[in-house]
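Novice: This is what each chain is made of:
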Amino acid sequence: MKRLAAAVLSLAAFLVAWKLVTVVTGTPAYILPAPEVVADRALRAIGSGILWEHAAVTLSEILLGFAAGALAAIGTGIALGKSVVVERVLSPYIVAAQSVPILALAPLLDIWFGGGLLARVLICALIVFFPIAIATMVGIRSADPLLAEMLRSLGASPGQLTMRLEIPSALPVIFGGLRVGVTLAVIGAVVAEWAGASSGLGILINIANQGLFDTPLMFVALATLAVIGITLHGVVVVAERRLVLR
Amino acid sequence: MRLRRSPLLLVVVLALAACAPAASPSVAQPPVMKSVTLLLSYQPDVQFAPFYLAQQAGYYRDAGLNVTIQHKSESDLIRLVADGQAQFGVADATDVMISRTAGIPVKYVSTLYQAFPVALIGPKGKVPTNPADLAGKRIGTPGRYGSSWAALLGVLQAGGLTAADVTIREYPQFNQVDGLLAGDVDLITGFRTNEPLRLAAQGMQVDMLKIDKVAPLPGPGLIVGDALLNTTDSRVAEFAAATLQAQRAIAANPQLGLDAATVVVPAIASDKATALAVLKASIELWRGSGAQPSGSINQAVWYSGYDTMRRLGLIDGSVPLSDMTFDVLSEISGSPAPS
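Sequence order for the protein chains is A and B.
Residue numbers 32 to 277, in the numbering used here, belong to the letters of the first sequence in order.
Residue numbers 1029 to 1367, in the numbering used here, belong to the letters of the second sequence in order.
Derived by calculation from the structure, the hints in this document are not laboratory data.
Mixed in with the good hints there might be a few duds.
Claimed, not checked - No more than 25 Å apart at the CA atoms, straight line, and that leaves these computed lysine to any residue pairs for SDA-like: (1) B:LYS1100 to A:THR58; (2) B:LYS1100 to A:PHE144; (3) B:LYS1154 to B:ALA1228; (4) B:LYS1152 to B:SER1069; (5) A:LYS50 to B:GLY1131; (6) B:LYS1165 to A:THR53; (7) A:LYS50 to B:ASP1111; (8) B:LYS1100 to A:THR53; (9) B:LYS1062 to B:GLY1131; (10) B:LYS1241 to B:ASP1193; (11) B:LYS1100 to A:TRP143; (12) B:LYS1238 to B:GLN1084; (13) B:LYS1100 to A:ASN240; (14) B:LYS1238 to B:ASP1111; (15) A:LYS50 to B:ASP1193; (16) A:LYS50 to B:ASP1104; (17) B:LYS1165 to A:TRP143; (18) B:LYS1100 to A:ILE133; (19) B:LYS1154 to A:THR56; (20) B:LYS1100 to A:VAL120; (21) A:LYS50 to A:VAL68; (22) B:LYS1165 to A:VAL68; (23) B:LYS1154 to B:GLY1131; (24) B:LYS1165 to A:PHE144; (25) B:LYS1100 to A:ILE218; (26) B:LYS1152 to B:GLN1084.
Stated by the list, open to error - The following label-pair restraints were derived from C-beta to C-beta distances: (27) A:ALA135 to B:ARG1339: 35 to 43 Å; (28) B:ASP1351 to A:GLY57: 52 to 60 Å; (29) A:ALA127 to B:GLY1092: 49 to 57 Å.
Cβ coordinates follow ideal geometry from the N, Cα and C atoms, glycine included.
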C-alpha cells in the first residue's frame, strides 16, 4: 500500500512540475503540450482505436524479440560461462555486434530479411542479446566451486551440474540482465519500426511528428511506450521474486 | 571611493573633446546588421546553393542581414520558426498546409521550387504514364507522411485509386533506392533531382511519372512565423529578395552555385559532375515553366494543391488558404511577381 502511495505521489509531482513548466515558460503546445492536453489527446486516440492498433503491433514485436533474444542470450551465456574456448571464439563477434550502431544496421537487416515481422523481431532480439548473455556468463561463473566439486564427487553429470547448481546460482545475475534487456526491447522495437514498418508506436511517433504535426499525439505514443516498458519491467521483477531463492 | 572634482581633469576632458572629430551628417554610418537564423532540412548539400551563394557573395550582407544557417528535421524547423527561435525556414508547401491546420503559426512567403520536385521513379520502360495503371504495384516511400506521401496519394487519386490498391513499403531511413535496386518494390517516390542520379550511378536507367503533370501541388518554399510577419520588420522581404537574387545568379551561371556549395560541402569537389547535374536539375525545378526563378507564389497551383490535400483528408479545410501564404515578393513590388 505504501509503495502504491509513493508511486501515485511521484506521478502527481511529475505532472505538476510538467504543468508548471508549460505555464511559467509559456511554451506553445506544438513544442511542449501540457499534461491535460496530452490526456485529452490520449482519450481521443483510444476512442478512435488508433492507439491500440499501433501499440498491439509494437507489443508483439517487443515480446517476440525479447523472448528470442533472451533465449539465445541465455544459451550463449551458459556456453560462454562454461567454456573458455567458446568465450575466446565468440566474444569478439558479440562485442563487435554490440559496438555497431543498431540504427545504422537496422535498415540493412530490414532489407536482408524481407522487411516483415521477422526483420523487426531480429533487430529487437539483437539489442536484447548482449546484456543478458554477459549477465548469464558472469552468473554461471559465480557458482560456488566447492559445491560444484561436491556434486561431481557425488557423480553428477555436467548437465546435472548446470541444471542443479550453475543456473540456479546464476539466476539473480541473469534476472539483472533480463531487467535491462526488457527495457532495451522497447527501444529495439521502435528502432526496428523506424528501419521499415507500416504500423507500430514508432511509426505513430513519425506520423504524429512529421505527418500530422500533432505534438500531443506524439507524447501519447511516447507515454504508451513508457507504460509498456514499466509494465514489462514489473513482470520481470515479479518473476524474479518468485524464482530466485533469497 | 569618491571622485574629487579637479580643475585639471576638466581641462583634459575639454581638450580631448576639442580634438575629437566633429560628427558630420555627410559621413555614412555603417548599416546596423540584423541577425537572422535560417533553418534548412536534410544536410548541407548542393541543392541549397542559393543560400550559400547569397551568404558568400554578400547578397545578405548588402541587405543588412547577418545570416546563420542551421540544419534541422523539417518537422522541427517548422516548429522552431513558428516559435520565433529562428526567423526563416525552407519547408514543403504540403507540410505548411498541414502544420498551419494543426495550429502552428507559420506562413509560406516565397516559392523556391516552382515545379513540384517529387516523382514516382522506376526502371526504364516500367513506369506507368496513366496513374490508373499503378493498381497492384509495389511502391516504396519513406513513410506515410511528408510531401512524398501527399504526392503519392494525389497521383493514386488522379487514377481513381487509393493506397489500398497498391502495396506500400515504407523506408523511413530514406533508403527506398536500395529497395528498388533489390527488387523489393516496383516504383519509389523520390526527388527528381536526386534519386534518378543515384540509381544511374548503380547502373539503373529510370523513367519518372512527374507528380505535377497529374496532381499539381506547390513546391518547397520559404516559411516565416506569424509573429515576425505581423511586425513592420523588413527582414522578410529583404531576405526573400536576396535569396531570389542568388537563385537567379545560379540559374544564369550554375558554376557559381557549385563553387559556393563546394565551400560549404568540400566533399562535393570529389564528384563535381554529379553535383553539377543535381544543381542543373534543381534549377529546372526552381524555374518551373518560367524563364527564371521568380519566388512568386502560384495561386492557381496552391488552390489546386489545397483542394487535393482536402480531398485526401490530409487537411480538413478549417484554416483557409489565405491564412497559409503571404507573397512577400509581390507585396514589396506592389504587383504579382513575374513568373
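Novice: Take the hints in turn and mark each one as holding or not.
Specialist: Structure-based check of all given hints:
| no. | hint | verdict |
| --- | --- | --- |
| 1 | B:LYS1100 to A:THR58 | 19 Å, holds |
| 2 | B:LYS1100 to A:PHE144 | 31 Å, violated |
| 3 | B:LYS1154 to B:ALA1228 | 15 Å, holds |
| 4 | B:LYS1152 to B:SER1069 | 30 Å, violated |
| 5 | A:LYS50 to B:GLY1131 | 20 Å, holds |
| 6 | B:LYS1165 to A:THR53 | 47 Å, violated |
| 7 | A:LYS50 to B:ASP1111 | 19 Å, holds |
| 8 | B:LYS1100 to A:THR53 | 23 Å, holds |
| 9 | B:LYS1062 to B:GLY1131 | 28 Å, violated |
| 10 | B:LYS1241 to B:ASP1193 | 21 Å, holds |
| 11 | B:LYS1100 to A:TRP143 | 30 Å, violated |
| 12 | B:LYS1238 to B:GLN1084 | 34 Å, violated |
| 13 | B:LYS1100 to A:ASN240 | 13 Å, holds |
| 14 | B:LYS1238 to B:ASP1111 | 35 Å, violated |
| 15 | A:LYS50 to B:ASP1193 | 45 Å, violated |
| 16 | A:LYS50 to B:ASP1104 | 22 Å, holds |
| 17 | B:LYS1165 to A:TRP143 | 21 Å, holds |
| 18 | B:LYS1100 to A:ILE133 | 22 Å, holds |
| 19 | B:LYS1154 to A:THR56 | 55 Å, violated |
| 20 | B:LYS1100 to A:VAL120 | 43 Å, violated |
| 21 | A:LYS50 to A:VAL68 | 10 Å, holds |
| 22 | B:LYS1165 to A:VAL68 | 41 Å, violated |
| 23 | B:LYS1154 to B:GLY1131 | 42 Å, violated |
| 24 | B:LYS1165 to A:PHE144 | 21 Å, holds |
| 25 | B:LYS1100 to A:ILE218 | 23 Å, holds |
| 26 | B:LYS1152 to B:GLN1084 | 40 Å, violated |
| 27 | A:ALA135 to B:ARG1339: 35 to 43 Å | 39 Å, holds |
| 28 | B:ASP1351 to A:GLY57: 52 to 60 Å | 23 Å, violated |
| 29 | A:ALA127 to B:GLY1092: 49 to 57 Å | 55 Å, holds |
In this structure, the hints that do not hold are numbers 2, 4, 6, 9, 11, 12, 14, 15, 19, 20, 22, 23, 26, 28, in rising order.
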